[in-house]
Structure formats: structure tokens, C-alpha cells
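With the sequences and hints as input, model every part of the structure.
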Amino acid sequence: MMPLLQAKNLGKVYEEKGIKTQALAGVSFEVNSGDFVAIMGPSGSGKSTLLHILGFLDSESSGEYRLDGKTVRDYGGDELARIRNKKMGFVFQAFNLLPRLSVLENVKLPLFYSAVPEEEWEGRVLRAIEAVGLSERKNHEAAKLSGGEKQRAAIARALVNDPQIIFADEPTGNLDSKSGGQVMEIIQRLNEEEGRTVILITHETYTAQHARRVIELWDGKIVSDNWDFKKQP
Amino acid sequence: MKFSHAVKTAIAGLASHKSRSVLTILGIVIGVAAVILVVSLGKGAQNLILGQIQGLGSKTIAVLPGREPKGPSDIAQTFSDSLKEKDLEALRRKDNVPTLEKIMPVVFGGASASYGDETYRLTILGVSGLVGEIFDLRPQTGVFLTEDDVKNRAAAVVIGAKVKDELFGESAALGERIKIKGRNFRVVGVLPKKGQVSFFNFDEMALVPYTTAQQYIFGIKYFHRFIIQPSSEEEIGRTVQDVKITLRNSHGISSPDKDDFFVETQADLAARLGTITSVLTLFLAAIAAISLLVGGVGIMNIMLVSVTERTREIGLRKAVGATNRDILNQFLLEAIILTLIGGIVGVFAGAILSFLSSLALSNFAGLNWSFTFPLSAAFAGLLVSSLVGLVFGLYPAHQASLKSPIEALRYE
Chain R
17 MMPLLQAKNL GKVYEEKGIK TQALAGVSFE VNSGDFVAIM GPSGSGKSTL
67 LHILGFLDSE SSGEYRLDGK TVRDYGGDEL ARIRNKKMGF VFQAFNLLPR
117 LSVLENVKLP LFYSAVPEEE WEGRVLRAIE AVGLSERKNH EAAKLSGGEK
167 QRAAIARALV NDPQIIFADE PTGNLDSKSG GQVMEIIQRL NEEEGRTVIL
217 ITHETYTAQH ARRVIELWDG KIVSDNWDFK KQP
Chain S
749 MKFSHAVKTA IAGLASHKSR SVLTILGIVI GVAAVILVVS LGKGAQNLIL
799 GQIQGLGSKT IAVLPGREPK GPSDIAQTFS DSLKEKDLEA LRRKDNVPTL
849 EKIMPVVFGG ASASYGDETY RLTILGVSGL VGEIFDLRPQ TGVFLTEDDV
899 KNRAAAVVIG AKVKDELFGE SAALGERIKI KGRNFRVVGV LPKKGQVSFF
949 NFDEMALVPY TTAQQYIFGI KYFHRFIIQP SSEEEIGRTV QDVKITLRNS
999 HGISSPDKDD FFVETQADLA ARLGTITSVL TLFLAAIAAI SLLVGGVGIM
1049 NIMLVSVTER TREIGLRKAV GATNRDILNQ FLLEAIILTL IGGIVGVFAG
1099 AILSFLSSLA LSNFAGLNWS FTFPLSAAFA GLLVSSLVGL VFGLYPAHQA
1149 SLKSPIEALR YE
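Residue numbers (the working numbering), protein chains in the order written: chain R, 17 to 249; chain S, 749 to 1160.
Careful: at least some of the hints might be erroneous.
As the list claims (entries may be wrong) - Dumping the calculated DSSO-like pairs for lysine-lysine here, alpha-carbon to alpha-carbon at most 30 Å:
#1 K103(R) with K756(S)
#2 K969(S) with K834(S)
#3 K756(S) with K766(S)
#4 K834(S) with K154(R)
#5 K194(R) with K86(R)
#6 K766(S) with K160(R)
#7 K899(S) with K842(S)
#8 K154(R) with K750(S)
#9 K103(R) with K750(S)
#10 K756(S) with K102(R)
#11 K750(S) with K102(R)
#12 K124(R) with K842(S)
#13 K832(S) with K969(S)
#14 K756(S) with K124(R)
#15 K929(S) with K807(S)
#16 K154(R) with K124(R)
#17 K1006(S) with K992(S)
#18 K1006(S) with K842(S)
#19 K160(R) with K992(S)
#20 K807(S) with K766(S)
#21 K942(S) with K850(S)
#22 K766(S) with K124(R)
#23 K154(R) with K766(S)
Just so you know, the hints here were simulated from the structure itself, not pulled from any lab data.
Take a look at the structure:
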């Protein structure tokens, strides 16, 4: 079976005011459809950069990244946007909801840029909100939600286009342990029950324990790649 | 993204900053309203002037001494002495100008008139017995000047309504003697109050036989004008040609370039003044349009602020699938909606202001002013304001579309 994601010797160099920073220095790994991978590492290890490249939000400086066997360099800008919209869902540490809009309107946002027929929108939005347990708060302004609710609304937004891959960038980083736990349960369910591929970034071991595989990054390089990491109950 | 959704998104974006949006719109409203007001008033002025010219009779032809003005800014050399008695006789001959029905020589100039202790500065108009027919004037009391008065250089005067008021007040003027240039003139008629007709305000004039005016008041042997009327409007062209040929023969002129006179029809005059007012209106509208430009800069400024403020939103929209074009369209639409609303409000504001101005001009200034709403200026205002939105919104929208999603999401 062809892997869903293939990273071959990925490198990323940032240059600011003539100073070059190597964020990634030759990262290679593959992710199959349905995997739950946690990428761990201290800040500055390049884990966010890696996630951004995998999620088409940034581009690699060297090496090759293939999605569905096709190299990313072959995609045009609009095609990248279309794939982000259709195949990928993002969950950010800072939630990134539009604060003045309601939960419903926030969750609906990706549909505006999709080819999903408009009659299906409402059903999709309500199902996604239901799936994260926010139905009672769907008309609330995003700014008035608690941190955990905000992150669940963000997950609903990531789900609304029924993506194959969920990219979660420190999703519990701004949450207390209780709401963080709820959020991770939802993400785990998306993987185990719905078969979505999850790429999770975290620096907390107990968050990474939800994943089946943990990749550890250090100074832009993979230092360990452990399968069946998940603690058995 | 569908266009209707893009419009809704843009409106929602603007609605989240209401007072800022309203103030930005205000800049455009003022610009468009100013343009509409200026164009409307310009049109009104043009109608007023042209209406007064037509009041002189559409088939009237004037012969003036000097060279014909070559453009609106070319001042005619009026004070030349090329029109003489022999020209008048030549023009009167049927075989020279067969279509000529009436011809009246005119001389004019300023002078003081006095009666008892009262002195009044007025315009002397030296005319013939045809003056009543040509200018459509009837004395309110008394009689008009006659051809005999002209022949005899009679010291007779017909005075305008204002002259009568100034010199005589309530008492009767008819038969009294007023002094002009040290000479007594008998008042034979008083004109009714008529106001401004073309360039003449008969209310402030004293009409005397042209022969009298030439000899006793101005001391000249030439004329300032010939006023000619052909038998019908259809004959204007032919009459003008014949008049020119006759005068060239009389002056011994071989080529039209050397003409020392020129012929002006009412149509010429209307066209020339129309050009002057059009140019003035255009000029003023261009000045008013500068405020529209300032409004556009305001739009650009606010849109740039908005783009910076909403950097995270832009990043998020890109992350969930917005293309660069989606982002560009969103911000461009916001700018265009702002200016379009400004344009619509501005057209209404301009129309209301023009209407109020025309009311004020006709009621308080006593002008025969008609309100005209310049539909073309309204369309132009809407079009230009939308274009302003497009042009000044393009740069901020482009900046927004180029933001990298990562940089945008990281932005604090």
C-alpha cells in the first residue's frame, strides 16, 4: 500500500536579515492512512515547521514531500488551497476562531471555499458541532466561549469538510488538563472510530500518549521513531 | 467562493467596524456630492445665460467692429471705429442685402444724467425708431423714439424704470427735462420694469436717437453695432453672407482674413457662451473631484489598517482553503462596497444640495434659475467612486492576498 505522506530528506532553512537558521535538517518518514502520529520535541526542534510543511502551509527548502504519491512541487497555489480545504483539517494552539462570529459561522468558514453544495452546509455544520459536543453553544459568539469550548469549536471547523488528515499543533497547549483531556479524547476518537489520519504536535508526553507512534525531533533531525507507543490501559 | 458569499463576507467585515466604515464613506460622499453640486449649478448657470440670449430674438444678427474672437478667451476688439454711416447706407440697399428686413445702428456708453439735485450714472443707448420692434419693448407711459427724432437729432429720451425711480422718485417724469452731458433732454417715454434681457438691462438705460448720441453725447462718427433682422429665420445664413460681402466691398477688403468687422448671430453667441460655461463647469468639477481623490486615499489607508489588523484572519482563511484570489476579492469588495455606498449617498446628497441651491438662487437672488439634475454626472459619480474603490483597494487587497498563511497565523 502506498503511504499517504512521504517525507524524503526534508530540509528547511529560514533566512532573516542574512542570518540563516536551519529548522529542519533531513527528515525522512512515511505515514500511512489511518495512522496517529505524535511529533515531539522541545521548542526550536523544528516540529512546528515540519507540521506546516506537511499541511501545505509552508514549503520545504530541500528534499521532497509527497502526498498520495504526488510531489508537492507539482501542485499550483490554488490546488494547494483546494487540498487544504478538502483533505486537511487544522487545529491550532491559539484556536484561531474569528472572535465576532458565532460557533456556527466559524465552523461554516471552510465550506465557503469548498465545492460542497450549499444545501448540505447546514447539516454538515450541525453534525460537526454535535461531534464535539457543542450543540448547546452553537449560537454563542466565539469570543465568549471557554478555552476548551473554543478548541472544540476549532475541531468542529476542521471536521466540517470531512478531511482525511487532521493536523493538530499543540491543541492542548492553552488548555487546563481537564479540557485538554476532553480535546484529546475527541481527537483520538476521530482516529480510532472514523479512521482519520492524525498528525499531532506536542511537547507533553501525556498528550503524546494518545498516539500510536511518536516521532521525536531534536535540532531539526529525527532522533527516535517509536511505534506502539500508546500506553495500554 | 461564490460571489454572493464574498459580498456577504465583505459586508460582515465592514459591519464589524461601523464607525470607521461610516467615516471612510463620508470622504467619498463629500467628493461625489461636490461634483454633482458643481455640475448641476454649472448647468443651471448655462441655462440661465442661454435663456437670456434667446430673449433677444433668435433671428437677430449683430455686426461688430474689430476682429472676430478666435476662442472663448479671445477678447473682441470692440472699440474700433470701422462701422460708418456709408456702411449703414450700403447695407440698407436692397440689391446688396435683399433679405434684410430691419437694420438699426447702435451706439452706447456710460454717462451721468441729472434732474434737479438727483444725479444718476446710467448707460446711454443710441438707437433708431426700430428699437421697440427689435427688443420687443413698449413704453409704459409716453411714446417711443421715432425716425423723425433720429433725422432731427432730437433731444428726446426714453428712460428705464430704475432711472425714473432714481431721478424722479414717485413724481411724473413724462415731459420733464433731464441733463445729460450739459444738454437738456425731454423725457418722452418711460419703460416698464423688465430686468436683465441678454446683456442689456433696460431698467438702467436711457434711450436716445443714435444721431443725437453720436453728435452730442459721445462725439463720434461711427457705430458700435448694427443690429439686423432678416425677414425669416431661414434667411439668417444668406443674410450674414450678404452683409459680409457688402461690408468688405464698402471697406475695400479683398480677403476675409483682413475683415475689420465681424458678424455674430444669436446662435454663435449661444454656442460661445455655452463653451465658456462648460469649460468653467468642467474646471470646477475637476477641483471638486480632488476631494474624491482624497477620499480614495482615505479608503486605501483604512484598508491597509484593516489588512494588518486582520492578518490572523487572513492566515486562518488560507489554512482552511482560501486561495490568494479569494482573499484579494474579499478585501477589494470591501473597498468597492465602501465607495459604492459613498457614491450612492453622495449622488443623493448632491441632488438635494443642488435643489436647495437652485431654490435659494431663484428665491433670494431673484434669478430665473431652473433646477437641473445632471444624470450624466450622477452616473459618472457612481462609476468614478467605484473605480476609486477598485484602484485604491487593489494595493491593500493585494498585500492581504500575498500574506503567507504561517506568518499570518503567527502574527500577534
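### Message
Checking each numbered hint in turn, tell me which of them this model violates, lowest number first.
### Response
4, 5, 12, 15, 19, 20
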